[in-house]
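Visitor: Chains W and H, in that order, give the protein sequences. Residue 61 in this note's numbering sits at position 61 of the first sequence, and the numbers go up by one each step. Residue 256 in this note's numbering sits at position 256 of the second sequence, and the numbers go up by one each step.
By construction, these hints were calculated from the structure, which means they are not laboratory data. Note that beta-carbon positions come from the ideal geometry of N, C-alpha and C, so glycine has one too. A portion of the hints provided could be inaccurate.
[Said to hold, decoys possible] Result set (SDA-like, lysine to any residue): computed pairs, CA atoms no more than 20 Å apart in a straight line:
(1) K276(H) x Q339(W)
(2) K248(W) x D52(H)
(3) K248(H) x G98(W)
[As the list claims (entries may be wrong)] Cβ pair distances, simulated, as ranges:
(4) L269(W) x S252(H): 41 to 51 Å
(5) K248(W) x S261(H): 18 to 28 Å
(6) G35(W) x G140(H): 49 to 59 Å
(7) T335(W) x D16(H): 25 to 35 Å
(8) G214(H) x K248(W): 16 to 26 Å
Each chain is listed here by its residues.
2 protein chains.
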Amino acid sequence: MSAGKVVLALDGMGGDHAPDVVVDGADIARERYPGTTYLLFGDPARLKPLVDRRKGLAPVLEIVPAEDAVTADDKPSFAVRRRRKSSMWLAVQAAVEGRADSVVSAGNTGALLAISMFSMRMLEGAHRPALASFLPTSRGEVVMLDLGANVECDAENLAEFAVMGSVFAQALQGLDKPKVGLLNVGSEELKGHDEVRQAAAWLRRDGSPVDFYGFVEGNDIGTGVVDVVATDGFTGNVALKAIEGTAKLYSSFVRDTFRTSTFAKIGYLFAAGALKKFQKRVDPRRYNGGVFLGLDGVCVKSHGGTDALGFAYAIGVANDLVRYEYKNKLVEGLTKLRQTISAAESSSSELQPSGGAE
Amino acid sequence: MSAGKVVLALDGMGGDHAPDVVVDGADIARERYPGTTYLLFGDPARLKPLVDRRKGLAPVLEIVPAEDAVTADDKPSFAVRRRRKSSMWLAVQAAVEGRADSVVSAGNTGALLAISMFSMRMLEGAHRPALASFLPTSRGEVVMLDLGANVECDAENLAEFAVMGSVFAQALQGLDKPKVGLLNVGSEELKGHDEVRQAAAWLRRDGSPVDFYGFVEGNDIGTGVVDVVATDGFTGNVALKAIEGTAKLYSSFVRDTFRTSTFAKIGYLFAAGALKKFQKRVDPRRYNGGVFLGLDGVCVKSHGGTDALGFAYAIGVANDLVRYEYKNKLVEGLTKLRQTISAAESSSSELQPSGGAE
Numbered sequence: 001m002s003a004g005k006v007v008l009a010l011d012g013m014g015g016d017h018a019p020d021v022v023v024d025g026a027d028i029a030r031e032r033y034p035g036t037t038y039l040l041f042g043d044p045a046r047l048k049p050l051v052d053r054r055k056g057l058a059p060v061l062e063i064v065p066a067e068d069a070v071t072a073d074d075k076p077s078f079a080v081r082r083r084r085k086s087s088m089w090l091a092v093q094a095a096v097e098g099r100a101d102s103v104v105s106a107g108n109t110g111a112l113l114a115i116s117m118f119s120m121r122m123l124e125g126a127h128r129p130a131l132a133s134f135l136p137t138s139r140g141e142v143v144m145l146d147l148g149a150n151v152e153c154d155a156e157n158l159a160e161f162a163v164m165g166s167v168f169a170q171a172l173q174g175l176d177k178p179k180v181g182l183l184n185v186g187s188e189e190l191k192g193h194d195e196v197r198q199a200a201a202w203l204r205r206d207g208s209p210v211d212f213y214g215f216v217e218g219n220d221i222g223t224g225v226v227d228v229v230a231t232d233g234f235t236g237n238v239a240l241k242a243i244e245g246t247a248k249l250y251s252s253f254v255r256d257t258f259r260t261s262t263f264a265k266i267g268y269l270f271a272a273g274a275l276k277k278f279q280k281r282v283d284p285r286r287y288n289g290g291v292f293l294g295l296d297g298v299c300v301k302s303h304g305g306t307d308a309l310g311f312a313y314a315i316g317v318a319n320d321l322v323r324y325e326y327k328n329k330l331v332e333g334l335t336k337l338r339q340t341i342s343a344a345e346s347s348s349s350e351l352q353p354s355g356g357a358e
Numbered sequence: 001m002s003a004g005k006v007v008l009a010l011d012g013m014g015g016d017h018a019p020d021v022v023v024d025g026a027d028i029a030r031e032r033y034p035g036t037t038y039l040l041f042g043d044p045a046r047l048k049p050l051v052d053r054r055k056g057l058a059p060v061l062e063i064v065p066a067e068d069a070v071t072a073d074d075k076p077s078f079a080v081r082r083r084r085k086s087s088m089w090l091a092v093q094a095a096v097e098g099r100a101d102s103v104v105s106a107g108n109t110g111a112l113l114a115i116s117m118f119s120m121r122m123l124e125g126a127h128r129p130a131l132a133s134f135l136p137t138s139r140g141e142v143v144m145l146d147l148g149a150n151v152e153c154d155a156e157n158l159a160e161f162a163v164m165g166s167v168f169a170q171a172l173q174g175l176d177k178p179k180v181g182l183l184n185v186g187s188e189e190l191k192g193h194d195e196v197r198q199a200a201a202w203l204r205r206d207g208s209p210v211d212f213y214g215f216v217e218g219n220d221i222g223t224g225v226v227d228v229v230a231t232d233g234f235t236g237n238v239a240l241k242a243i244e245g246t247a248k249l250y251s252s253f254v255r256d257t258f259r260t261s262t263f264a265k266i267g268y269l270f271a272a273g274a275l276k277k278f279q280k281r282v283d284p285r286r287y288n289g290g291v292f293l294g295l296d297g298v299c300v301k302s303h304g305g306t307d308a309l310g311f312a313y314a315i316g317v318a319n320d321l322v323r324y325e326y327k328n329k330l331v332e333g334l335t336k337l338r339q340t341i342s343a344a345e346s347s348s349s350e351l352q353p354s355g356g357a358e
């Protein structure tokens with residue numbers, strides 16, 4: 001993997017609007033990321049006409065035939081066992097075998113995680129993978145993880161997620177020392193369950209690989225008080241979906257508002273431009289590109305319902321991670337974490353008595 | 001406790017704007033709930049002038065002197081040990097000793113929970129109290145619990161919370177058979193950790209005391225697909241605060257939108273009435289009145305920053321619970337749950353293998 005040239009494997013058949021959005025997304029990305037080339041996996045009969053229509057794409061993109069595809073309904077275990085000729089499987093293998101630096105897919109999330117975990121090993125020092133993504137805040141964006149790869153996490157997993165999120169924010173946002181918070185039910189040291197308090201005790205120590213802010217609460221996710229929010233996959237998945245649901249609910253309230261009266265409808269005509277900016281500000285495509293961190297490989301998951309712009313964004317995430325040499329940086333961070341934990345364990349126990357929510 | 005006459009103990013000194021909003025709230029409630037009388041605990045020198053100013057309040061309200069008050073910064077353990085002459089402590093004791101049917105406070109949440117748990121026992125068949133509240137949905141409201149009373153919950157706690165939430169929705173919303181969902185990372189039976197799957201297996205059985213919908217995800221909280229969402233206090237607290245934070249973020253985005261251009265400002269003038277309706281629709285005061293369920297007593301927590309209207313709403317919650325004979329109904333439900341669990345345990349184990357998020 002050279003710094004100058006990046007090769008990305010694309011799952012041509014994954015997602016609700018594949019293969020069109022995959023090819024269109026690659027075409028947008030082609031202009032944005034010169035020096036990056038693509039291996040596009042899928043059915044050549046469907047892919048070739050789409051690629052040929054986009055001038056300039058053919059020279060940087062090679063179609064690799066795959067006769068099968070993972071469906072949205074495939075169970076993860078089924079995908080691992082029975083979809084070995086699928087575009088998703090073959091794209092992941094290209095990354096595993098070094099023919100590509102990273103893989104991008106808009107296909108079935110569970111299948112992609114299962115195939116990636118099965119094919120790529122865990123990165124040295126990482127015990128569990130985490131699904132990370134960006135969420136909007138009042139100041140910009142925040143990285144949140146784990147969004148559902150692991151429903152049960154111990155203190156070590158949580159501390160590793162904090163390190164993964166920190167390196168991810170460095171790679172994607174160019175931050176030198178991202179501020180990392182652990183999600184909890186209160187900000188005091190005594191709050192929360194044993195796992196989160198133990199993880200915090202490690203991250204707080206001198207020599208910790210992250211700039212640890214401390215505990216944050218659910219309402220802090222959207223304020224931008226930290227750059228990274230780490231939590232277990234159960235809490236993270238519920239929080240992510242609660243945020244998405246609330247955003248949807250509020251958007252529908254706002255839409256309803258402008259239908260309530262003639263005055264409101266006239267108001268809408270004047271405010272339409274500004275309201276479109278509002279919609280753009282909360283546009284989920286800007287936050288497209290969840291990443292499985294902790295694997296010995298870079299695997300980017302685009303939303304299944306994404307359009308070409310969103311898919312191009314996901315390609316950008318993969319590109320940034322590869323160019324930042326994210327894996328090497330993460331191994332360094334995890335090594336430092338291991339040293340911090342060893343140092344903590346050789347001194348006295350740092351656990352404090354349990355406490356409830358605020 | 002008779003069905004006709006209800007006595008409510010009010011913590012006159014609890015909350016950011018006490019005692020004014022407490023007295024004003026009682027005055028609003030007086031008109032709404034005829035037949036209900038009040039014991040108002042606090043400093044008579046401050047309370048009496050406020051009460052005298054409201055015509056019609058004195059005949060239904062008795063001031064009970066309390067020389068101390070719990071502060072917002074008091075640790076729960078400190079409040080239990082050192083605030084035995086406070087308005088909060090004495091108001092809770094009135095409910096414990098039968099002089100009042102219920103207690104309402106806008107004071108320190110942790111202190112109120114600790115004092116209530118210490119003074120009231122747990123209700124027969126309940127192992128842990130849960131903090132429950134209403135949240136807005138696209139169809140109306142949903143009851144969610146536990147919002148932070150217990151950070152760690154086993155399967156039995158979760159199943160009990162489902163029963164508590166169901167009886168609460170019956171009492172407050174007049175629903176005959178509220179639909180109850182358990183919060184999880186996916187809707188399939190195999191998803192989630194052991195605790196949530198075991199609780200679901202019990203609630204799904206014939207003879208279960210609740211109308212069990214199944215698993216719901218974070219985005220289902222706001223859709224109104226169920227009437228009750230039960231979860232552990234860690235996840236519930238994070239989800240609640242994530243929802244509140246997102247609502248706030250979106251409101252600020254909407255406000256910003258109308259400042260972006262002259263056209264937008266003109267649009268605002270036309271749409272102002274409709275936008276005020278929007279603000280009202282998402283008004284947190286409509287969802288004021290968290291309740292500690294599972295205690296052998298009825299304890300209603302109003303938001304600390306509430307105004308009189310919000311406090312009157314919290315009084316309404318207490319009133320409804322008492323009139324519905326919520327405690328008797330909950331004991332019935334918990335007894336039925338115990339029978340369901342026993343029946344399940346005498347048959348084979350119903351646990352299924354573990355699964356990750358969607």
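Visitor: For each hint, tell me whether it holds in the structure or not.
Guide: Hints and how they fare:
1. K276(H) x Q339(W): 56 Å, violated
2. K248(W) x D52(H): Violated - the C-alpha atoms of D52(H) and K248(W) are around 47 Å apart, more than 20 Å.
3. K248(H) x G98(W): Roughly 46 Å separates the two Cα atoms, so the pair is violated.
4. L269(W) x S252(H): 41 to 51 Å: 24 Å Cβ-Cβ, so the 41 to 51 Å window is violated.
5. K248(W) x S261(H): 18 to 28 Å: 26 Å, holds
6. G35(W) x G140(H): 49 to 59 Å: 54 Å, holds
7. T335(W) x D16(H): 25 to 35 Å: This hint is violated: roughly 48 Å between Cβ atoms.
8. G214(H) x K248(W): 16 to 26 Å: 21 Å, holds
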